[in-house]
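Colleague: These are the residues of each chain, in order.
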Amino acid sequence: MNVVAIARLTVREAFRRKVILGVVLLSLGFIALYAIGFHLFRDNYLSLEARRSVRTGAGPAPSYAVSASAMVLLGLYTVNFLTGIMTIFAAVGTVAGEIEAGTLDAIVPKPIGRWQIITGKYLGFALMLSTYIILMVCGVAITAHLVGHYGPPHLVHGTLLVILVSMILLSLTMLGSTLFSTMTNGVIVFMLYGVAVTGGLVEQLGTALNSDTMVKIGIGSSILLPSDSMWRLASYVVQPSLAISFIGPNPLGTTVPPSALAVHYSIVYCLMLVIGSVLVFQRRDL
Amino acid sequence: MSGSVSQLPASAISATSSEPAIELRGLRKVFRNQVAVDNLTLSVDYGEVFGFLGPNGAGKTTSIKMLMGLVYPTSGQARLLGRKLGDRVARRQIGYLPELFRFHEWLTGSEFLDLHGRLYGMPAAERRKRIPDVLTLVDLTAYAHKKIGTYSKGMQQRIGLAQALINSPRLVFLDEPTSALDPLGRRDVRAILARLRGEGVTIFLNSHLLSEVELSSDRVAIIDHGRVAATGRVDDLLARDLRVEFRIGSLPAELLPELGKLVQVEQIAVGPRTVVTTRAAGEEAIAAVVDLFARHNVRVYGVMPERRSLEDVFVDVVAPTREAGR
Chain P
1 MNVVAIARLT
11 VREAFRRKVI
21 LGVVLLSLGF
31 IALYAIGFHL
41 FRDNYLSLEA
51 RRSVRTGAGP
61 APSYAVSASA
71 MVLLGLYTVN
81 FLTGIMTIFA
91 AVGTVAGEIE
101 AGTLDAIVPK
111 PIGRWQIITG
121 KYLGFALMLS
131 TYIILMVCGV
141 AITAHLVGHY
151 GPPHLVHGTL
161 LVILVSMILL
171 SLTMLGSTLF
181 STMTNGVIVF
191 MLYGVAVTGG
201 LVEQLGTALN
211 SDTMVKIGIG
221 SSILLPSDSM
231 WRLASYVVQP
241 SLAISFIGPN
251 PLGTTVPPSA
261 LAVHYSIVYC
271 LMLVIGSVLV
281 FQRRDL
Chain G
1001 MSGSVSQLPA
1011 SAISATSSEP
1021 AIELRGLRKV
1031 FRNQVAVDNL
1041 TLSVDYGEVF
1051 GFLGPNGAGK
1061 TTSIKMLMGL
1071 VYPTSGQARL
1081 LGRKLGDRVA
1091 RRQIGYLPEL
1101 FRFHEWLTGS
1111 EFLDLHGRLY
1121 GMPAAERRKR
1131 IPDVLTLVDL
1141 TAYAHKKIGT
1151 YSKGMQQRIG
1161 LAQALINSPR
1171 LVFLDEPTSA
1181 LDPLGRRDVR
1191 AILARLRGEG
1201 VTIFLNSHLL
1211 SEVELSSDRV
1221 AIIDHGRVAA
1231 TGRVDDLLAR
1241 DLRVEFRIGS
1251 LPAELLPELG
1261 KLVQVEQIAV
1271 GPRTVVTTRA
1281 AGEEAIAAVV
1291 DLFARHNVRV
1301 YGVMPERRSL
1311 EDVFVDVVAP
1321 TREAGR
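One line per chain: the protein sequences are P and G, in this order.
Using the working numbering, the final residue of the first sequence is 286, and nothing's skipped along the way.
Using the working numbering, the final residue of the second sequence is 1326, and nothing's skipped along the way.
Errors might be hidden in some of the hints.
Claimed, not checked - Calculated pairs, DSS-like style, for lysine-lysine (alpha carbon to alpha carbon, straight line, at most 25 Å): (1) P:18 to G:1129; (2) G:1129 to G:1147; (3) G:1146 to P:18.
For the record, the hints were derived by calculation from the structure and aren't laboratory data.
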């Protein structure tokens, strides 16, 4: 009950501070641009294809799915990236900021557990972020279907993985917010986020160049913060295998999907960090 | 300023005569190397209004924060309403207005009170009934649907007070409840405190405004360097160590040693009337001196005790340790 009250408060704050309004407007803008882009891409592709078939006399090439899949991947990557940034910005000061402002002074003495404050906040953010991800993925998928006449495979599975990415970042940001000031937490979480993204790129390069060391660096970074590896798994499942082998190692996707173990690790990672946040906050003087 | 201040909640912990409402024993808090509260021991009975005084940095707010579960004691024990710190049953019956009274300013006044009522575990029907009452009490009914962010400082402090009373508490901690209020607002808060006291609510009042405390409190503790430096009933503290002037006819020399046993004679000015300036330990000593004069047929024209305020007592208690610290 108290958890729900705190979760409600968290959601209400996002609405009241007009965070939601800003995000919705920008996201609508993104979907509109994406639809225009997809439309132009398809026109371009079809005219090229028409010229090619006139020149060679061959039938339509099977490669449309590959290109359309790349377009969907771009869309989903943008959703994943935007949500990642949003997660960090939304939660960076959720505990630290309230301690700094003193607003927790009236909340903590109530007959509630401190753990309920942390889990309530987590649930509030998780609910908003998951809803956002689901709506945005629907936006991308509907655009792909209506404008591009293409439907990516395993979209539900991919969406769940993008949600997992957001939950990983949320757990990390919450833990940081119980430990550090808002600014310090922001710097630390963004640096780690950067390490994860760069680590993922290094791993892709390593795969392309057959460099074991580079692949190991990538794996190391995904143990530190598994957000990027979960995104790459998401990208893997939402592409047809033809597209994956055609595109090969690339900045947005992967040819070597992280294992089920990596998914389990990520879930445990989230749990441990949330438990860590509770323990830290439980002991902290406010 | 109307509306019920406090109905006893159904789950009220019964007041037992044996146990005080607040009991601190050897409470201590050390931040890194700095001792904020050092061996604080005091107790407050049910129904008392207790003034908690001390200079800046004496450890008042830290002490309250420990009792509110915001800061953990390094050592020592404390019981509120007969239960150990952090006990949820006790917390349900405690109200608290924090010193900084910073609240979620994007909530409206009534949403804010609803949230806090919810956190106290009050059912929706009870909240709906209680919120208008406390809004009336702090005179903010007209602003119930305005965001707290648009409130003045004084209004924010008043909505904070409403928050502290939403659950009809049996014990209230008010940390500088009038710091942002103008004289009228202060008078209103004093009236609220008087009503709460009338309803048997125990009040723990931390304030810089000594005249405020003098008017509202039954008993006070002056703390300094994290310890209780003086404690007692307000009247007793005010009557302690009084300077009294006696205007008399003339003082026979043989009376002087006996007078010296009753009070400390500081000065004797001989004129048309003799003025004897003394320091008395309490009011009883003054009466004894008058008796002495009467027995020896010394005419008494006037007895003028210095009017002391809590501020004088405070300065007497705190200043010596400040001087020593310099």
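Colleague: Next pair to validate is residue 1146 (chain G) with residue 18 (chain P); report whether the Cα-Cα distance is within 25 Å.
Modeller: holds (17 Å)
Colleague: Holds or violated: are the alpha carbons of residue 18 (chain P) and residue 1129 (chain G) at most 25 Å from each other?
Modeller: violated (31 Å)
Colleague: For the pair we were handed, residue 1129 (chain G) and residue 1147 (chain G), check the Cα-Cα distance against 25 Å.
Modeller: Since the Cα atoms of residue 1129 (chain G) and residue 1147 (chain G) sit roughly 21 Å apart, the hinted pair holds (cutoff 25 Å).
Consistency note: the structure conflicts with earlier hint 1 alone.
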